[in-house]
Every structure is written in structure tokens, then in C-alpha cells.
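Note that the protein sequences, when read in sequence, are chains W and C.
Each residue of the first sequence is one higher than the one before, starting from 1 at the first, in this note's numbering.
Each residue of the second sequence is one higher than the one before, starting from 1 at the first, in this note's numbering.
I should point out that these hints are in silico values taken from the structure, not numbers from a laboratory.
Keep in mind it's a predicted model, so treat the numbers as computed, not measured.
Just so you know, even glycine gets a beta-carbon here, dropped at the ideal spot from N, CA and C.
Among the hints, a few may not be true.
Quick partial rundown of chain C residues pointing at chain W, CB under 8 Å, derived from the structure [said to hold, decoys possible]:
no., residue
1, H417
2, H421
3, Q422
Restricting the straight-line Cα-Cα distance to at most 27 Å, the calculated cross-link-like pairs of lysine-lysine (BS3-like) are [to be verified]:
no., chain 1, residue 1, chain 2, residue 2
4, C, K378, C, K368
5, C, K176, W, K3
6, W, K15, C, K446
7, C, K283, C, K368
8, C, K446, C, K5
9, C, K87, C, K142
10, W, K46, C, K368
11, C, K432, C, K446
12, C, K283, C, K446
13, C, K378, W, K15
14, W, K46, W, K15
15, C, K378, C, K432
16, C, K5, C, K378
17, C, K283, W, K46
18, C, K368, C, K87
19, C, K142, W, K3
20, C, K237, W, K15
21, C, K87, W, K46
22, C, K452, C, K87
23, C, K142, W, K15
24, C, K176, C, K87
25, W, K3, C, K446
26, C, K87, W, K15
27, W, K46, C, K176
Simulated DEER-style distance windows between Cβ atoms [said to hold, decoys possible]:
no., chain 1, residue 1, chain 2, residue 2, range
28, C, D302, W, A11, 21 to 31 Å
29, C, N9, W, A11, 40 to 50 Å
30, C, A172, W, K3, 53 to 63 Å
31, C, T174, W, S43, 18 to 28 Å
32, W, A11, C, D377, 14 to 24 Å
33, C, R364, W, M1, 48 to 58 Å
34, C, D302, W, K3, 20 to 30 Å
35, W, M1, C, G175, 23 to 33 Å
36, C, H4, W, M1, 20 to 30 Å
So you can see what is in the structure, the chains are spelled out below.
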Amino acid sequence: MGKHIQTINNAPLTKTALTGGCGECQTSCQSACKTSCTVGNQSCQK
Amino acid sequence: MDIHKFVVNGEYILLDVNSGSVHVLDPVAYRILDVFNGANDVAVIAEYAAEFGETAVCETLEELHELMAVGQLFSPDAEIPPVFAAKPIVKSLCLHIAHDCNLRCGYCFASTGSFGHDRGLMSPEVACRAVDFLLEHGGSRKHAEIDFFGGEPLLNMATVRAAVEHIRRREAETGKIFNLTLTTNAVLLNQEILDFLNQENIQLILSIDGRREVHDRMRPFAGGAGSYDVVIANMHKAVDSRQGANYYARGTYTAYNLDFAADVLALADEGFGRLSVEPVVAKDAPYGLCEDQLPDMFAQYDLLAAEYLRRHRDGNGFDFFHFNVDLENGPCLTKRLSGCGAGHEYYAVTPEGDLYPCHQFVGRDDFKVGTVFAGIDKPDLCDEFRQAHVLTKPECRRCWARFYCSGGCHANAEAFHGSIHQPYELGCELQKKRLECAIAVQIGLKRIAADKN
């Protein structure tokens, strides 16, 4: 942790361009919203 | 320079958009990032040394350069993943079990159940054929999802039961695992139905808007009487019967309750711990939301975020769907581009067996893309949905929230602009505010966990 900056997470999204895409995660609009597409609140199922 | 910085709940927060890295800043770093571009240290020192002192500015610059070196600041634009070019698999169906409803909700996008067409019930044959369609197009994915939707699906339990029986048989034959949900207004939930839904592990999405007067105003019975008393009693019975798990209480707020945080908290006070309350989407309606009301709505999300954290700190926290953002193990880039999947991974099925890109498109006849019997007959339209993602839509490509909302709702975009390629702006503004609050909430939860250890 730096003196002026605290990094909260370490999950580089860009790297998942090559490792992701298994498709096992739930369809996002199918869960609780039904009117507003939200993907960021899902977790990877890998 | 793809970053977004904001202040929520007293936290100075920086999101590095392409990497998804989140940082908490002190006020010096927060201000420096107004000028810093990764290669202009001299200009930054000249701008801020007098105000913050040269030592603090230089320390901060050093930390910023360290973040750049490890790819957590100013990370480059994402490329479209190769796997995204592959043929999509169908993951999920929304079965419109009944195009009819026993409530007359003022904001119903389904025109109180009929979706602008004749009222009707889905037959067991259509439902079972839809299950087979999903299996035929579901590829090697381990799971498949079906939502029993309406109108009101409890008006047609015979078909729900027949579909579940068929699903269990096909699971045994194929090894596929179905995750089932049922979206209901809770009016007809009786013990017999609850026993069945619990036994079959079907997640419930229970519609309720919050405070009694708010709920009754928009969710009356056909005769005009409010439905709150019936709904809240049945919801308690349902949630208790499944030990508080496997459900969401799902509300809609409108211009009539711009103080909607009170409705979320009213549901939490009722003991419902899994909540999703969302903005109504309506064009030219007195209850519709408009741009002038954004400051009020933003203030409600700030209030809700603070109260959410206070309750978690006090040991009586609740889950608010849109504050759940997984910063450590979130979806991959492919998922963030495929978004809701409407029209390529996800379809809605009408009582007649017609396929639409999603439940919101049902009744917009130009968007009928096929049937569960004959399959997709508009592959070009489905491909248009697949390709309408945040790296191809001009407004989204520039937006800091693009990898979290994934471009917003196609149906709302089409309803407001006649095109799925131009997002519905009010929805975007609310989405961005919710996301800022969600990130702040996740930081707050980490602090609470750290304090307890």
C-alpha cells in the first residue's frame, strides 16, 4: 500500500481477453433485474 | 487516458477503465490526476508543488508511475477477444408462461400481461419444446437457465409443472444442469405451490415496490384495490419457507417515489435481505423518470450506499443487487462484451412458441426472430444483437462504465431511439451512479471486514 494510493484489487481485465469466454456464467438479465443489463456484478464461474 | 475518478461516501476513488483496477486516493493524488497524463511530471510539479509541497507531489508521482508499470493505470484499450467471433450458444430462455395477469400495474411494459396481443397461456407442449430448443442450441455448456415469466406465471402452474417434469427428465438424459427462476407478483403463492417451488429449487423473483402506499399506487388488482397486504403476507411465507435463501424481492421505482431509498429500506426492515429495486423505463408517462430528476435519484443512491454500509457494520446488512460488483473475480472481457446476451445467448418465448431477443421485445413484431419449432429465421438480426457491444457502439466506446453495464438494455435503446446501437441516456446516467456507489460500497465492505479481523 502506498502512502498516497491504496490499490483495492488486482484482477486485470485485459488479460481475460485470452483466458475467458468459457460461457458458464449466468445470463445477466435473467437474474434479478429484468430491465437493466448489468454484467459487472456477476462473478466468473471458472 | 482512460480513467474515471469520483467521490462517494467520503472516499476518493480511481477506476482504471481497461484493467478494471480500483484505487483509493488521498486528496493530493486525486487532484494530481486532473493534470497527470503519464509523461508530464514536470508540469504536475509546477502545478501542485506550492499547494501540496514538492515532496508529497513527487511521492505521489512515483506511486502513479509504479501503477503504470504494472498495468493498473492508463492501461491500453481492450481488443475484441478471438472467442467472441465463434458461434454463440443459447444459454437461457425466458418462458412467457402466461400472457395474462391478475394485477394491473400502472407501469407494466407487458401492457398488464398481454404484451399488446391477445391474452393467452403457454401450453405444456410449447414449454417442453422450448426446453428441447435450449438443449439443441446449448452446446457443451454445463448449465442452462430458464425463467418462468409472464404476465403472471402462477396463472398457469400446469405448464410450469409440466416443463419442470420435462426438464428433470432431460437433465437425466443429457447431464445438463438447469437453473430455474420464477418471476411472480406473489398473489397466488399458496402452500402447495411453495412446496413445489422449494422442492424443485426454483429461485423466486418476487415483485414488490417497497412501502405500502408506493406499492398500492402502482400495483393494484384489476378492481383497483391495492395488492400490498396479500403480497407482503405471501412473500413472508415464501421467504420463511426457504430459510431466507434463493429469492430476490424486486421493486420498481417511478417519479412518484423519488425518495426510493426509503422503499429499499422498508423492504429490509420487513426482513427481506435480498433486494433489487430499479428505475422504471417509460416514455411520455406521468410516472416516467426524466433528466431533471437525476440529482434527486443520485442523492438517493448516495444515501442508500451509506445506510447499506452502516447496516453491514452493525451486523444487520442486506444485499442490494446493484451494489454487488465483484472487483476480484468479475466476468471476463468476452462476457462483458456479450452483455445480457439478448438475441444470441438469450431469447424470450411467447405462449405461441415465437422467439424474441428478450422479454422486453415481445410484442414488437419486427423483432420476432423465429419459433421454438422451426428455429431462428432471422440470423442477421441475431448477429446484429451480438455485434452491438460496447466496443462497437460509439457512445459506449467512450464511456468509463462500459465494462460494467455492457452497453445497457437493447430494448430500452430501441424504444427511445429506434436503434439498439444508441443507448438510452437516462438509463446510462443511473447505471453510472449506481456503479460508483457499488464500487464505494465494496471498498467500504473491505474496510469493515478488515476492522473485524
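Problem set entry | Hint check for K3 of chain W and A172 of chain C - Cβ pair distance inside 53 to 63 Å | Cβ of A172 of chain C to Cβ of K3 of chain W: about 60 Å, so the range 53 to 63 Å holds.
Exercise. Between K176 of chain C and K87 of chain C, does the CA-CA distance stay at or below 27 Å?
Worked result: holds (20 Å)
Exercise. Is the shortest C-beta separation between H421 of chain C and chain W less than 8 Å?
Worked result: violated (14 Å)
For this session: Given the range 48 to 58 Å, decide if the beta-carbon distance of R364 of chain C to M1 of chain W lies inside it.
Result: Hint holds: Cβ distance 52 Å, inside 48 to 58 Å.
Exercise. Is the straight-line distance between the alpha-carbon of K46 of chain W and that of K368 of chain C 27 Å or less?
Worked result: violated (33 Å)
For this session: Could you check the hint for me, namely that T174 of chain C and S43 of chain W are 18 to 28 Å apart, CB to CB?
Result: 26 Å Cβ-Cβ, so the 18 to 28 Å window holds.
Exercise. Taking only the CA atoms, is the gap from K142 of chain C to K15 of chain W under or equal to 27 Å?
Worked result: holds (24 Å)
Problem set entry | 27 Å Cα cutoff - pair K176 of chain C, K3 of chain W | Distance of about 51 Å is beyond 27 Å: violated.
Exercise. Is K5 of chain C within 27 Å of K378 of chain C, Cα to Cα?
Worked result: violated (42 Å)
Problem set entry | Restraint status (C-alpha distance of K283 of chain C to K368 of chain C at most 27 Å) | OK: K283 of chain C and K368 of chain C at ~22 Å, within 27 Å.
Exercise. Does K446 of chain C lie within 27 Å of K3 of chain W when you go C-alpha to C-alpha?
Worked result: holds (18 Å)
Exercise. Quick one, are K446 of chain C and K5 of chain C close enough, alpha carbons at most 27 Å?
Worked result: Measuring from Cα to Cα gives roughly 19 Å; hence the hint holds.
Consistency note: the structure conflicts with the earlier hints numbered 1, 2, 3, 5, 10, 12, 13, 15, 16, 17, 19, 20, 22, 29, 32, 35.
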